[in-house]
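Peer 1: Chains as they are written, first to last, in this note's numbering: chain A, 1 to 399; chain B, 1 to 342; chain C, 1 to 372.
Any given hint could be a false lead.
Cβ-to-Cβ under 8 Å is the rule here; a few derived chain A residues that face chain C [claimed, not checked]:
#, residue
1, Leu39
2, Gly41
3, Pro130
4, Leu152
5, Ala193
6, Val196
7, Ala340
8, Met355
9, Ala373
These are calculated hints, taken from the structure and not from any lab test. Quick caveat: nothing in here was measured; it's all calculated off a predicted structure. Yeah, the Cβ is synthetic: ideal placement off N, Cα and C, and Gly gets one too.
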Amino acid sequence: MLTTAASLKDESRRTDGAGAVARRQARRRRAALLQQLLLLGALAAVGAVIVRNTVVNLQARGLASGFDFLWQEAGFNVGFTLIAADATSTYGRIFLVGLLNSLLVAAVAMVAATMLGFLIGLARVSQNIPARLLSKGYVELVRNLPLLLHLLLWQGVILRSLPTVKQAHELGGVAFLSNRGLYLAAPVGWSTASLVFLGGAGATLCIGLLLARRAHRRQELLPPAHAVGMILLAAAFIVITVASVDWDVPVLGSFDYRGGVKIMPELAALVAALTLYNAAFVAEIVRAGIQSVSPGQRQAATALGLSARLTMRLIIVPQAVRVMVPPMANQYAHLIKASALATVVGFPDLVNVFMGTALNQTGRAVEIVVMTAAVYLTLTASVGLVTGWYDRRMKLVER
Amino acid sequence: MTMKQAVCALFGIGLLAGPAVASEGETISAIKQRGELVCGTSTGTAIGLSTLDDTGKWSGLEVDYCRAVAASLLGDAAKVRFVPLEFKNAFAALQSGSVDLLARAATWTYTRDTELKFDWVGVYMYDGQGFLVKKDLGVAKLGELSGASICVSAGTTTELNLADYFRTHSLDYTPIVANNREQNLANLEAGRCDAYTNERGGLAASRLGLTQPDDYVILPEVISKEPLGPIVRQNDPQFRDVAAWTLHALVAAEEFGITQENVTALAESSQNPEIQRLLGKTGDFGAKLGLSNDWAVSVISAVGNYGEIFERHLGAGSPVKLDRGLNTLWTEGGLLYAPPIR
Amino acid sequence: MSAGTLSGPSIPRRLARQTGSLLAVTIRHPFSLLVSLVLLYAAWIVGEGVVSWGIVHATFLAEDRSSCDPAGACWAFIVNRLPQFAFGFYPEQERWRALLVVLAPPSLMLLAVVPEFRGRRVIMVTGFGLYPFLAFMLLAGGLPGLPEVSTEKWGGLTLTMIVGMSAFVLSFPLAIVLALARTSGLPALRLVAAGFIEFWRGLPLVAILFMSVIMLPLFLPPDVEAPRLSLALAGITFYSASYLAEVVRGGLQGIGRGQYEAAGALGFGFWNMQGYVVMPQALRSVVPAIVNTAIALFKDTTYVMVVGLFDLLNIVVAGLSDAHWVGLAAEGYIFVGVIYWTICFGMSRMSARFEQRDKPNRPAENTLGMSR
Numbered sequence: 001m002l003t004t005a006a007s008l009k010d011e012s013r014r015t016d017g018a019g020a021v022a023r024r025q026a027r028r029r030r031a032a033l034l035q036q037l038l039l040l041g042a043l044a045a046v047g048a049v050i051v052r053n054t055v056v057n058l059q060a061r062g063l064a065s066g067f068d069f070l071w072q073e074a075g076f077n078v079g080f081t082l083i084a085a086d087a088t089s090t091y092g093r094i095f096l097v098g099l100l101n102s103l104l105v106a107a108v109a110m111v112a113a114t115m116l117g118f119l120i121g122l123a124r125v126s127q128n129i130p131a132r133l134l135s136k137g138y139v140e141l142v143r144n145l146p147l148l149l150h151l152l153l154w155q156g157v158i159l160r161s162l163p164t165v166k167q168a169h170e171l172g173g174v175a176f177l178s179n180r181g182l183y184l185a186a187p188v189g190w191s192t193a194s195l196v197f198l199g200g201a202g203a204t205l206c207i208g209l210l211l212a213r214r215a216h217r218r219q220e221l222l223p224p225a226h227a228v229g230m231i232l233l234a235a236a237f238i239v240i241t242v243a244s245v246d247w248d249v250p251v252l253g254s255f256d257y258r259g260g261v262k263i264m265p266e267l268a269a270l271v272a273a274l275t276l277y278n279a280a281f282v283a284e285i286v287r288a289g290i291q292s293v294s295p296g297q298r299q300a301a302t303a304l305g306l307s308a309r310l311t312m313r314l315i316i317v318p319q320a321v322r323v324m325v326p327p328m329a330n331q332y333a334h335l336i337k338a339s340a341l342a343t344v345v346g347f348p349d350l351v352n353v354f355m356g357t358a359l360n361q362t363g364r365a366v367e368i369v370v371m372t373a374a375v376y377l378t379l380t381a382s383v384g385l386v387t388g389w390y391d392r393r394m395k396l397v398e399r
Numbered sequence: 001m002t003m004k005q006a007v008c009a010l011f012g013i014g015l016l017a018g019p020a021v022a023s024e025g026e027t028i029s030a031i032k033q034r035g036e037l038v039c040g041t042s043t044g045t046a047i048g049l050s051t052l053d054d055t056g057k058w059s060g061l062e063v064d065y066c067r068a069v070a071a072s073l074l075g076d077a078a079k080v081r082f083v084p085l086e087f088k089n090a091f092a093a094l095q096s097g098s099v100d101l102l103a104r105a106a107t108w109t110y111t112r113d114t115e116l117k118f119d120w121v122g123v124y125m126y127d128g129q130g131f132l133v134k135k136d137l138g139v140a141k142l143g144e145l146s147g148a149s150i151c152v153s154a155g156t157t158t159e160l161n162l163a164d165y166f167r168t169h170s171l172d173y174t175p176i177v178a179n180n181r182e183q184n185l186a187n188l189e190a191g192r193c194d195a196y197t198n199e200r201g202g203l204a205a206s207r208l209g210l211t212q213p214d215d216y217v218i219l220p221e222v223i224s225k226e227p228l229g230p231i232v233r234q235n236d237p238q239f240r241d242v243a244a245w246t247l248h249a250l251v252a253a254e255e256f257g258i259t260q261e262n263v264t265a266l267a268e269s270s271q272n273p274e275i276q277r278l279l280g281k282t283g284d285f286g287a288k289l290g291l292s293n294d295w296a297v298s299v300i301s302a303v304g305n306y307g308e309i310f311e312r313h314l315g316a317g318s319p320v321k322l323d324r325g326l327n328t329l330w331t332e333g334g335l336l337y338a339p340p341i342r
Numbered sequence: 001m002s003a004g005t006l007s008g009p010s011i012p013r014r015l016a017r018q019t020g021s022l023l024a025v026t027i028r029h030p031f032s033l034l035v036s037l038v039l040l041y042a043a044w045i046v047g048e049g050v051v052s053w054g055i056v057h058a059t060f061l062a063e064d065r066s067s068c069d070p071a072g073a074c075w076a077f078i079v080n081r082l083p084q085f086a087f088g089f090y091p092e093q094e095r096w097r098a099l100l101v102v103l104a105p106p107s108l109m110l111l112a113v114v115p116e117f118r119g120r121r122v123i124m125v126t127g128f129g130l131y132p133f134l135a136f137m138l139l140a141g142g143l144p145g146l147p148e149v150s151t152e153k154w155g156g157l158t159l160t161m162i163v164g165m166s167a168f169v170l171s172f173p174l175a176i177v178l179a180l181a182r183t184s185g186l187p188a189l190r191l192v193a194a195g196f197i198e199f200w201r202g203l204p205l206v207a208i209l210f211m212s213v214i215m216l217p218l219f220l221p222p223d224v225e226a227p228r229l230s231l232a233l234a235g236i237t238f239y240s241a242s243y244l245a246e247v248v249r250g251g252l253q254g255i256g257r258g259q260y261e262a263a264g265a266l267g268f269g270f271w272n273m274q275g276y277v278v279m280p281q282a283l284r285s286v287v288p289a290i291v292n293t294a295i296a297l298f299k300d301t302t303y304v305m306v307v308g309l310f311d312l313l314n315i316v317v318a319g320l321s322d323a324h325w326v327g328l329a330a331e332g333y334i335f336v337g338v339i340y341w342t343i344c345f346g347m348s349r350m351s352a353r354f355e356q357r358d359k360p361n362r363p364a365e366n367t368l369g370m371s372r
């Protein structure tokens with residue numbers, strides 16, 4: 001890597017005796033130390049000036065500071081909450097509500113974008129020419145448009161093209177779709193028996209996964225009969241569970257459907273925009289990853305008699321994933337940050353409800369901005385940590 | 001240049017910022033130094049209060065108030081820059097100093113006045129919170145809205161009042177919170193919400209922005225007091241006085257019958273001592289505020305008196321056709337009452 | 001994968017080969033044929049609808065919404081408001097200045113595709129380098145012959161162009177300094193650069209803009225002021241610089257130690273070595289990633305909507321609430337989309353050309369900075 005300016009200058013001189021070299025090295029170290037001290041000093045000074053300005057400005061404006069507001073009653077309702085919250089909740093709880101909503105959007109969009117992106121990425125390198133052309137068309141269309149435009153577009157589409165609540169589309173009597181959102185029947189009243197059935201389904205799936213893993217470790221595939229059996233058993237358990245619990249089916253009241261679970265259209269628009277936009281980038285990462293695997297690998301696999309699908313699954317994808325991890329990490333970090341666009345469509349995420357409404361009501365600008373920034377820095381840093389760990393793990397497997 | 005020098009150059013810039021000293025009258029000196037007033041307004045869609053037209057020209061009652069302050073402080077009503085702000089960012093912008101003055105349909109409340117360290121310098125619009133609903137919903141009074149989805153703007157008092165009212169009356173509702181009026185109206189029209197709640201004046205104006213204004217009606221109930229007024233930061237009492245007395249001058253001018261048309265003539269000829277003092281014929285009332293003596297003349301000749309401004313943007317002469325209601329002079333049974341100029 | 005490489009056989013031969021392979025594939029895999037037919041049919045339906053709505057039944061000239069054919073698009077909305085979408089609220093008689101500012105970057109970019117001539121590189125580099133300053137001076141005016149126009153009047157495509165271009169050009173030197181600092185031998189310098197980069201990369205642009213435009217005066221001395229546009233530009237520049245710095249660092253990592261040693265042996269000082277030996281190689285190797293960052297940045301300029309600046313997207317959205325033209329969201333969004341798409345796609349094509357010219361017959365590389 002680079003060395004310092006001073007050291008390079010020194011190196012360009014001709015060397016004399018050993019004493020001179022030692023002296024020069026000592027001088028170089030002193031210079032480097034001095035430079036760094038100067039830099040840190042300058043930074044500290046800049047930081048001090050900013051802090052001083054802020055304090056002076058806050059004092060001049062007589063503004064209160066501190067985090068005590070987090071225990072004060074907020075007094076407003078939030079339209080979508082994952083934990084119970086109402087107008088008597090504290091600002092601290094509003095912070096949690098916003099944080100959880102942000103995480104929900106990011107998590108759902110991340111999973112959906114990855115799956116869709118993988119599909120499109122595979123289509124990009126498939127043998128099927130229409131699939132290849134269409135997926136290329138999709139990628140080029142979507143990734144060259146601003147995310148904000150996607151978002152406004154989806155919001156408009158949902159608001160204007162879905163029916164009003166009175167004319168909601170009925171989906172099999174258990175789900176209703178209107179421009180106020182998607183209403184789904186929700187399970188209520190879990191009995192012991194239904195919990196046992198659910199547990200049975202979970203256990204079957206776990207056993208199946210363990211078996212598949214063991215087979216994979218032996219470089220085999222789970223016998224198809226076993227796999228199908230496991231899946232059927234789990235499905236049976238799930239069907240029994242579904243039948244054994246009570247369902248809270250949404251019913252149209254005087255204004256709106258009541259009961260069940262409601263997915264608000266702002267959330268849907270946000271997730272749709274984030275998913276479709278990021279899927280185009282994921283697809284490109286997948287394509288680049290697959291193309292980075294040397295053609296010899298595919299030829300060798302074919303020579304060993306592996307089918308095209310098995311070649312893809314056992315040879316190409318595992319190698320491609322390694323190349324894909326760092327850009328995927330970037331993409332995930334981007335997606336988490338982009339979820340803050342919720343504020344544009346009015347979905348109550350952290351930026352909208354905490355850095356927006358709560359900030360306006362309390363006036364604790366510095367505290368709220370710092371808290372919000374800390375959340376995002378932590379989230380993006382943890383994406384880096386997790387993918388870094390995964391990356392290292394993948395590299396170890398290679399040996 | 002060595003790396004060291006580069007680093008010093010890069011980070012040294014920060015040090016030049018120098019000591020931060022806040023002094024009395026910092027807002028006024030900043031305005032005079034830059035030669036224009038920075039006024040926070042709506043995003044340009046508050047019909048009657050602050051709207052932005054195709055050519056980038058601002059108009060409305062709040063806009064005219066800002067122009068009046070610029071006229072009194074700088075002698076020129078055109079020396080004002082409008083900063084469109086979403087409501088939820090508006091207070092932060094005033095606190096941080098991004099704007100000098102906020103004229104953005106902000107309700108005067110106890111907490112905002114005390115905790116946010118703002119000063120409402122008066123009230124330019126006495127209003128109350130109402131509900132705009134579609135006629136074919138068949139709702140005649142507020143109590144029937146239980147279970148409805150209600151559109152409301154983020155960070156406003158209307159959001160809090162709504163929560164209070166529905167809770168105390170044991171009514172149920174879903175808030176559909178948007179950042180601005182356009183989004184709220186789009187939601188209402190599409191049937192995303194059943195009602196849109198805001199100040200009634202604002203609702204009457206908003207109705208005009210709908211495709212079928214006649215399909216909508218404002219419910220009779222008024223659930224709150226919404227005194228809307230201009231806000232300044234607390235730390236510059238002199239600027240506060242200028243902002244307050246500019247508003248008083250507009251109201252007093254209506255009371256004295258001073259209009260945009262006759263103000264220059266009256267400044268010369270009026271024998272009423274109060275008019276003489278207001279318009280700077282006698283005394284040094286301008287100097288007491290740190291302004292030129294004819295400041296009120298430049299204000300009124302630029303924007304007219306309060307009545308003229310209201311008429312132009314909200315009254316019978318405007319598309320909104322809002323009744324003046326409480327916003328008439330105290331002599332006519334309203335709440336507008338300027339302190340004596342003496 | 002032969003598809004996608006332009007330097008292969010001639011187009012008819014390639015077409016013939018692909019048609020052949022299509023036949024071969026469909027004969028071998030009937031399911032694939034079915035998928036192809038379904039996809040083609042879907043594409044046909046969509047394409048036919050778009051043409052019928054967007055061209056056949058569209059109205060291009062009208063006074064308001066009601067005189068538009070309801071069966072098709074109402075492009076008259078766009079036509080009527082085109083000057084506003086292009087120049088914002090810039091005074092009518094001064095619009096030639098805004099037009100120059102909008103046209104300059106594409107014309108400079110065209111230079112990159114015309115055949116090589118003497119001084120092309122110099123013109124392009126100085127042109128782009130000076131663009132932010134010249135464009136600001138031209139738009140702001142205040143010189144003899146150029147009346148002053150406040151930044152509040154700037155808007156539409158002009159604002160988008162100046163924010164996007166300026167943020168990119170200004171972030172470049174900052175990114176290089178940051179990348180050098182992050183790879184430097186001094187731990188403190190490395191730490192500071194890494195902290196700076198991770199800070200700006202870790203925050204949502206929405207939050208950065210809110211902080212820089214609305215909150216910044218709180219962190220500055222009371223008498224320091226700047227127009228909102230400059231504050232937003234500063235925020236976007238730091239954001240973009242931190243992304244660009246990582247791209248440049250990627251390029252630096254590809255430079256062998258021998259290059260430094262050779263330059264040192266030739267007596268190059270630090271900045272000469274960077275300027276003549278290291279940077280030219282490092283930057284060239286990451287041109288595609290740089291262009292990707294530029295594209296991302298250009299799209300991200302739409303975020304200024306959050307702080308109430310009227311860029312292209314925001315001014316069209318604002319126009320949608322005009323009572324004469326209600327319900328034309330589709331036309332508005334498509335118009336904005338076409339402009340962004342053309343510019344971004346054009347840039348990505350350019351980068352592909354560079355890539356091909358520099359290293360033919362190599363598969364597309366997985367580039368850093370792809371995200372956004």
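Peer 1: All hints are to be evaluated individually against the structure, with a verdict given for each.
Peer 2: Evaluation of the provided hints:
no.	hint	result
1	Leu39	6 Å, holds
2	Gly41	10 Å, violated
3	Pro130	4 Å, holds
4	Leu152	7 Å, holds
5	Ala193	43 Å, violated
6	Val196	41 Å, violated
7	Ala340	4 Å, holds
8	Met355	7 Å, holds
9	Ala373	6 Å, holds
The structure is inconsistent with the numbered hints 2, 5, 6, although it conforms to all the rest.
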